[in-house]
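*Asks:* One-letter residues, chain by chain:
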Amino acid sequence: MSMSLPSWMRLGAVVLAALLVQVCVLDQIVVFGAHPDAMVLLAAAAGILGGPVRGAIVGFGAGLAADLAVRLPYGLSALTFTLVGFGAAYLATAAAGRDLPGSRIVLVVTVAVGGTLLYGLIGAVLGQPGMVSSALGGALVTVGLGAVVLGPVALVALRWVLAPSAGPAGLSVPHGGSASA
Amino acid sequence: MAATRHTSQRISLLMLVLASVTIITLDYHGEASRAIGHVRDAFADAVSPLQRGVQAVLHPLGDIVSAPFHYGELQTENDQLRAEIGALSRELNSQSYASNLEREVQDLSNVPFAGNLPVLPAEVIAPATSNFQPTIEIELGSSGGVAVGMPVISDKGLIGSVTGVSGSTATVLLISDPRQMIEVADLAGDRFSLKGEGPGRPLQLSSFGATGRRPKVGTLLVTEGQINDEPASAYPAGLGVGTVVSSRSLPGGIVTGTVQPLADLGDLQIVGVVQWPPTA
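Residue numbers (the working numbering), protein chains in the order written: chain A, 1 to 181; chain B, 1 to 280.
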C-alpha cells in the first residue's frame with residue numbers, strides 16, 4: 001500500500017491546522033509552566049496507525065513545521081518526531097494482540113511523554129542549556145495530560161490522512177508495515 | 001521477506017535522521033541559518049494577527065484550564081486579592097480599563113531606571129512557544145524599531161532581551177533562561193553575574209572571582225553596563241534586575257546565592273523594549 005497524492009494533501013492540511021491550533025490556542029494554556037503539544041501527537045498517531053515508515057515521515061514533516069514556531073535549532077523537532085513516529089509503530093506492534101479499550105490512547109500518551117523527554121535529551125546533547133532541568137517534569141506532565149485529551153483527535157485525524165483513496169495512487173511511499181492491521 | 005522489509009524501514013529511518021541532522025547543522029552556520037531565520041520571521045508575521053485575535057478572545061480560557069492545577073497557589077493569591085479589592089474597586093470607579101492600560105504604558109515610558117533611553121511599549125501576544133525555552137512574543141517588530149539584542153523591561157525591572165524579530169512581532173528570551181548571563185552590581189559597587197535557572201526559579205548569583213563581601217538578603221542588584229575598555233555590555237547600566245534571596249561565601253572567597261527577579265515573569269502583559277544598541 002502506498003501513500004497517495006490525496007493522502008499527502010490531507011497530511012499537509014492536518015499538519016498546518018495542528019500548527020495553528022498549537023501556536024494560537026494551546027500555547028496559551030500553561031499548566032505547571034508548560035503547554036500541551038499537538039505536534040508530537042501527530043507523529044505518535046501516525047506511527048501507531050500507519051507503521052514505522054509513515055510514522056517517521058509524518059513525524060519529520062510535523063517536526064519541520066513545529067520548528068518554525070520556536071527559536072531552538074531548526075530540525076531538532078524533526079529529528080525527535082522522526083524517531084517518535086518510528087518508535088511508536090514498534091511499541092504498537094509490541095502491544096498488538098492486547099487490544100484493550102483505550103490501549104491506543106495509552107500508547108499515544110506514553111509516546112508523547114517519551115517524545116518530550118527525548119526532545120530534551122537531544123537538545124541537551126546538541127548543547128542547548130536548560131533542556132534537562134526541573135522544568136522538564138512539568139512539561140512531561142502537561143504534555144501527558146494534553147495527550148489524554150487531544151490523543152483521540154490526533155488518531156481520528158491521522159486515520160483520515162492515511163485512509164486509502166479511491167483515485168489512482170500518487171507519490172509512492174514504501175509501506176512500512178501497519179501496526180494496526 | 002520480513003528481513004527485507006525491516007532493512008527497508010531502517011534505511012528510510014536513517015535517511016530521515018540524516019536529513020534532520022543536516023538541517024540542524026545548516027542552522028548552526030551562516031547563510032542557511034539566516035534563510036531559516038527569514039522563514040521563521042515570515043511565519044511569525046503570518047500568524048501574529050491570528051494569534052492576537054485568538055488571544056483576545058480565548059485569554060480567559062487558558063486561565064480556566066490552568067486554574068484547577070494551581071488550586072493552593074490560587075487560594076493564597078485569593079487572600080491577597082481580597083485585601084486589594086477595596087482599593088481596586090475605588091480605582092475602577094474612577095478609571096476605565098483602557099485608561100489603566102494607557103497609564104501602564106505611560107509608566108513604562110517613564111521608568112526611572114531606564115534613564116533617558118527611549119522605551120517602546122509593547123503588548124505581550126503569546127507566552128512561550130516552546131516548553132524548553134522561557135520566551136514571550138510581543139506585538140512589536142523591526143518595523144516598530146525593535147532589533148535583536150535589545151533589553152526588555154516591565155514596570156518593575158529587566159525581564160529579558162530580544163532574540164528574534166519579524167516585521168510585526170519579536171521574541172523575548174526571559175532572564176530565567178539558562179542562556180541568559182547578566183552582569184550586575186549592588187549599591188556598594190561589588191560585581192556579580194546572574195544566570196537563569198529555568199521558569200519559576202530564582203536566578204543564580206555568583207561573584208567574579210574572590211570577593212571580600214557577600215550581598216545581604218534584600219540587596220537590590222542592577223545591571224552594570226559597560227566598564228572602561230571591556231567589551232560592550234548587552235544591557236545599559238542601572239536596570240533593576242532582582243533582589244538577593246540568599247547568599248553564602250565559599251572557601252576561597254567565591255560568593256554564590258539566589259536572586260528573585262523584580263518582575264513577575266509569569267504574568268506579563270505590557271513590556272517595554274529599551275532602544276539600547278545591541279552588542280555587535
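Worth flagging that the hints you see were computed from the coordinates, not collected in a lab. Certain hints may be false.
Take a look, some chain A residues computed to stay more than 10 Å from chain B by CB distance [said to hold, decoys possible]:
hint: 1; residue: Ile57
hint: 2; residue: Leu79
hint: 3; residue: Ala96
hint: 4; residue: Tyr119
hint: 5; residue: Gly123
hint: 6; residue: Leu136
Quick look at which bits of chain B chain A covers, simulated, 3 or more residues with Cβ under 8 Å [claimed, not checked]:
hint: 7; region: 131-140
hint: 8; region: 239-248
Glycine is no exception: its CB is placed at the ideal position from the N, C-alpha and C atoms.
*Asks:* Each hint should be assessed against the structure and marked as holding or not.
*Replies:* Now the hints, each set against the structure:
1. Distance check on Ile57(A): its Cβ comes as close as 7 Å (rounded) to a Cβ of chain B, failing to clear the 10 Å threshold; non-interface status is violated.
2. For Leu79(A), the shortest C-beta to C-beta distance to chain B comes to about 4 Å, within the 10 Å cut-off, and the non-interface label is violated.
3. Taking the minimum C-beta to C-beta distance to chain B, about 15 Å, the non-interface status of Ala96(A) holds against the 10 Å cut.
4. Taking the minimum C-beta to C-beta distance to chain B, about 7 Å, the non-interface status of Tyr119(A) is violated against the 10 Å cut.
5. Against chain B, the non-interface label of Gly123(A) is violated: not every CB pair exceeds 10 Å, the least being about 6 Å.
6. Residue-level check failed: Leu136(A) sits 8 Å from the nearest beta carbon of chain B, not beyond 10 Å.
7. By the rule of at least three residues with a Cβ nearer than 8 Å to a Cβ of chain A, the coverage given for the region 131-140 of chain B holds, with 4 such residues.
8. Coverage of a stretch by a chain is defined here by at least three residues with a beta carbon nearer than 8 Å to that chain's beta carbons; for the region 239-248 of chain B and chain A the count is 0, and the condition is violated.
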